[in-house]
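*Asks:* Chain by chain, the residues run as shown.
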Amino acid sequence: MKVLLVEDNEMNRDMLSRRLARNGYEVVMAVDGEQAVTMAGSVGPDIILMDMSLPVVDGWEATRRVKADPATQAIPIIALTAHAMAEDEKKARDAGCDDFDTKPVDIQRLIGKMKALVDGQ
Amino acid sequence: MKRQLSYKEEHAFLRATIDNMQQGVAMYDAEHKLVTWNERFVEYLDMPEEFLGTDRTFSDYIRYLGARGEFGDNIDIEKELAKRLAVLGTSHSFERTRPDGMVMEVRRDPVPGGGFIATYTDITERKRQELALRQAMEEAESANRVKSSFLANMSHELRTPLNAIIGYSELLAEDAQDRDDKASLGDLEKISAAGKHLLGLINEILDLSKIEAGKMEVYLERLDLERSVGDVKTIVDPMIAKNGNRLVIECPPDIGTLNTDLTKLKQCLINLLGNAAKFTKQGTVLLRLSRTSEDGRDLVRFDVGDNGIGMTPEQVGRLFQAFTQADSSTTRNFGGTGLGLTITRHFVTMLGGTIDVVSAPGKGTTFSIVLPDREGGEGATSVADDLGLEPEGVASSITVLIVDDDPAVHDVLSATLGREGYVLLHARDGAEALSIMRKAPPDIVTLDVQMPKIDGWSVLGIMKSEPALEHIPVIMLTIVDDRNLGFSLGASEFMTKPIDRSKLTALLRKLAPAKADSTILIVDDDADVRELIASTVKAAGMTPAQAANGREAFGWLSNHEPPALVLLDLMMPEVDGFAFLEKVRDFEAMNDVPIVVLTAKDLTDGERAFLAERTLLVLSKSGQPIGTLGAALSALAHRHHAGGTKAGQ
Numbered sequence: 001m002k003v004l005l006v007e008d009n010e011m012n013r014d015m016l017s018r019r020l021a022r023n024g025y026e027v028v029m030a031v032d033g034e035q036a037v038t039m040a041g042s043v044g045p046d047i048i049l050m051d052m053s054l055p056v057v058d059g060w061e062a063t064r065r066v067k068a069d070p071a072t073q074a075i076p077i078i079a080l081t082a083h084a085m086a087e088d089e090k091k092a093r094d095a096g097c098d099d100f101d102t103k104p105v106d107i108q109r110l111i112g113k114m115k116a117l118v119d120g121q
Numbered sequence: 001m002k003r004q005l006s007y008k009e010e011h012a013f014l015r016a017t018i019d020n021m022q023q024g025v026a027m028y029d030a031e032h033k034l035v036t037w038n039e040r041f042v043e044y045l046d047m048p049e050e051f052l053g054t055d056r057t058f059s060d061y062i063r064y065l066g067a068r069g070e071f072g073d074n075i076d077i078e079k080e081l082a083k084r085l086a087v088l089g090t091s092h093s094f095e096r097t098r099p100d101g102m103v104m105e106v107r108r109d110p111v112p113g114g115g116f117i118a119t120y121t122d123i124t125e126r127k128r129q130e131l132a133l134r135q136a137m138e139e140a141e142s143a144n145r146v147k148s149s150f151l152a153n154m155s156h157e158l159r160t161p162l163n164a165i166i167g168y169s170e171l172l173a174e175d176a177q178d179r180d181d182k183a184s185l186g187d188l189e190k191i192s193a194a195g196k197h198l199l200g201l202i203n204e205i206l207d208l209s210k211i212e213a214g215k216m217e218v219y220l221e222r223l224d225l226e227r228s229v230g231d232v233k234t235i236v237d238p239m240i241a242k243n244g245n246r247l248v249i250e251c252p253p254d255i256g257t258l259n260t261d262l263t264k265l266k267q268c269l270i271n272l273l274g275n276a277a278k279f280t281k282q283g284t285v286l287l288r289l290s291r292t293s294e295d296g297r298d299l300v301r302f303d304v305g306d307n308g309i310g311m312t313p314e315q316v317g318r319l320f321q322a323f324t325q326a327d328s329s330t331t332r333n334f335g336g337t338g339l340g341l342t343i344t345r346h347f348v349t350m351l352g353g354t355i356d357v358v359s360a361p362g363k364g365t366t367f368s369i370v371l372p373d374r375e376g377g378e379g380a381t382s383v384a385d386d387l388g389l390e391p392e393g394v395a396s397s398i399t400v401l402i403v404d405d406d407p408a409v410h411d412v413l414s415a416t417l418g419r420e421g422y423v424l425l426h427a428r429d430g431a432e433a434l435s436i437m438r439k440a441p442p443d444i445v446t447l448d449v450q451m452p453k454i455d456g457w458s459v460l461g462i463m464k465s466e467p468a469l470e471h472i473p474v475i476m477l478t479i480v481d482d483r484n485l486g487f488s489l490g491a492s493e494f495m496t497k498p499i500d501r502s503k504l505t506a507l508l509r510k511l512a513p514a515k516a517d518s519t520i521l522i523v524d525d526d527a528d529v530r531e532l533i534a535s536t537v538k539a540a541g542m543t544p545a546q547a548a549n550g551r552e553a554f555g556w557l558s559n560h561e562p563p564a565l566v567l568l569d570l571m572m573p574e575v576d577g578f579a580f581l582e583k584v585r586d587f588e589a590m591n592d593v594p595i596v597v598l599t600a601k602d603l604t605d606g607e608r609a610f611l612a613e614r615t616l617l618v619l620s621k622s623g624q625p626i627g628t629l630g631a632a633l634s635a636l637a638h639r640h641h642a643g644g645t646k647a648g649q
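Chains as they are written, first to last, in the working numbering: chain A, 1 to 121; chain B, 1 to 649.
Under the rule of at most 30 Å between Cα atoms (straight-line distance), these lysine-lysine pairs were calculated in the DSSO-like manner: (1) A/Lys113 <-> A/Lys67; (2) A/Lys91 <-> B/Lys266; (3) B/Lys210 <-> A/Lys91; (4) B/Lys210 <-> B/Lys147; (5) A/Lys90 <-> B/Lys439; (6) B/Lys147 <-> A/Lys90; (7) B/Lys266 <-> A/Lys90; (8) B/Lys281 <-> B/Lys233.
The set of hints was computed from the structure by calculation and includes no laboratory data. Remember, it's a predicted structure, so these values are computed and weren't measured experimentally.
Kindly produce the complete structure, drawing on both the sequences and the hints.
*Replies:* This is the structure we're talking about:
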């Protein structure tokens with residue numbers, strides 16, 4: 001399974017990509033929302049893990065753009081945010097995210113959510 | 001036996017009394033000539049010797065002081081003098097700042113048979129302290145805001161490195177597991193566990209600071225209780241297992257659904273179950289759900305019980321205070337911030353519920369949360385009473401916040417306005433009202449005047465000082481003695497002085513759509529204020545008309561077509577703003593004309609009492625006038641839609 005990980009924080013990107021790789025995923029990375037939208041089209045990932053507070057174009061806007069493009073709208077997106085608040089979850093879902101998880105990630109829980117979205121298609 | 005004083009002795013004593021007073025004292029006879037004074041009077045007024053004890057009068061002194069610049073530059077001394085002479089017949093006092101910065105309280109009291117006593121007190125120090133106190137209060141308020149934003153930012157800054165600690169220790173633990181390196185694995189798991197614990201504490205502190213700053217939002221959704229309890233079980237299972245406890249869940253299969261905030265409910269249950277597990281060893285932790293009802297409302301009750309160490313009544317009393325656990329040794333023995341229960345109680349309150357606890361040492365503890373089924377759509381930030389009727393017409397998108405401490409008023413307004421399709425929000429006091437408004441500004445607010453703690457006028461004052469709230473139309477409600485008054489709709493807006501021109505322009509645009517023939521009637525006794533407003537009105541493309549008081553305003557109204565808007569000062573000579581508001585509704589043509597009241601930024605207690613008594617804008621709560629309120633709301637709503645701008649957004 002090919003995962004597009006969108007995260008501007010270098011350490012978070014490094015950690016999560018290594019842990020996903022260890023669990024057998026192919027990981028490609030974007031560091032801002034604009035890059036994420038471009039790569040969603042060019043790389044064709046099976047799923048996108050999207051940080052929400054991103055430079056250039058934020059995660060909510062990037063999600064809206066991915067979901068607005070017929071070529072990429074079928075790709076499931078899981079929002080990752082540091083704030084485990086109800087309004088963040090609602091905001092992410094309103095932008096078009098298919099699921100929501102909080103950082104720091106519980107890797108097994110995240111993988112469970114990823115599988116549910118990709119296999120459930 | 002009482003001592004008899006000779007005239008000479010008595011005179012000497014009185015002289016000594018006057019000379020040694022801390023105030024400057026002067027006595028004037030019926031012809032306003034200075035007859036007695038003390039040293040401090042000479043010192044404070046700095047009057048030349050030849051003025052004292054001569055034929056010169058009070059008026060001469062005032063002219064002399066004025067010429068010396070004692071009352072400021074560019075003053076009309078004859079006007080100043082006339083002002084002073086006009087009030088000499090009654091006791092009065094005022095403050096005056098001298099050119100050298102000294103602040104003096106001047107008091108004048110008439111004496112029987114004519115003449116008066118003048119007393120001068122140096123209040124420079126008192127004024128300085130008052131100013132310092134006010135500054136200190138402003139600083140404290142600003143420090144509190146800084147604290148809240150500091151905590152919010154800080155917690156983000158703390159989380160980022162913590163993410164790395166938790167994440168990399170878990171990464172290394174996975175490596176260690178692959179290598180079967182048990183020694184490293186144990187240590188790495190400890191780092192990760194400590195990091196997660198710290199993260200939990202930071203989250204709790206953030207939650208509490210958000211609650212205290214009034215920034216915690218409620219997100220309502222209809223949730224399946226059995227499924228929610230299942231989610232909670234998954235999370236608490238490891239905590240329960242830690243002390244060898246057993247979790248028993250009693251959840252009736254027909255428990256159904258509840259409209260509430262899922263995240264907050266889960267957090268409350270996890271807090272209580274986590275506590276129960278922490279203070280119980282080899283025991284049983286129970287989570288029981290049941291349906292109950294009170295005053296016809298459907299409620300869901302959550303009991304979390306344990307057979308652990310329990311608490312004494314004193315410990316129970318301190319339970320919900322922030323940063324307090326049963327006693328300080330609890331923290332050493334059991335860990336935790338002591339914030340969990342405080343947050344739980346706040347959340348339960350925000351969800352409209354109650355929390356209780358029953359406990360005895362050695363007998364265990366049972367916490368009970370009772371939550372109402374919060375009616376209203378998903379995502380509503382507060383309760384919206386839904387009477388099961390489809391909203392219709394213009395009212396369907398209008399949110400009305402009802403602020404009243406009397407539940408009966410909420411019931412009556414819910415029944416009447418709810419049927420019209422208004423979305424209703426409810427606040428029981430001023431503080432709750434402000435918190436709801438700040439979270440999501442409603443379209444219209446109805447405000448009770450008399451409420452405990454913060455009264456309606458104060459809420460209005462606070463609203464008008466906050467940019468996000470100042471544009472929300474307010475309808476003041478109060479109990480009026482004269483029922484007829486209830487039928488008159490008063491002012492639809494307040495504006496505070498000094499007038500902010502941009503705000504005034506915005507208000508004009510909102511209430512009086514710009515047409516070439518729109519006339520704005522300005523009623524104010526201050527010619528400068530009238531001119532300022534008139535120029536703003538002209539700049540907005542409308543025609544100003546001016547009246548110096550209520551009487552002139554009525555004169556104008558008798559000879560002209562009704563204006564598009566009236567801007568009304570309250571404190572005016574002859575016919576004041578209150579009297580104008582009372583009588584203006586006799587002019588039938590004026591019924592639809594919005595009136596904006598101009599008030600000083602802070603209403604004085606006297607003005608407030610006056611307004612509260614005379615019931616300015618006011619719709620009666622008793623009897624018929626509810627219909628009038630509906631009409632008023634509808635008028636405001638239409639105007640507000642026609643204006644194309646949504647208030648408070």
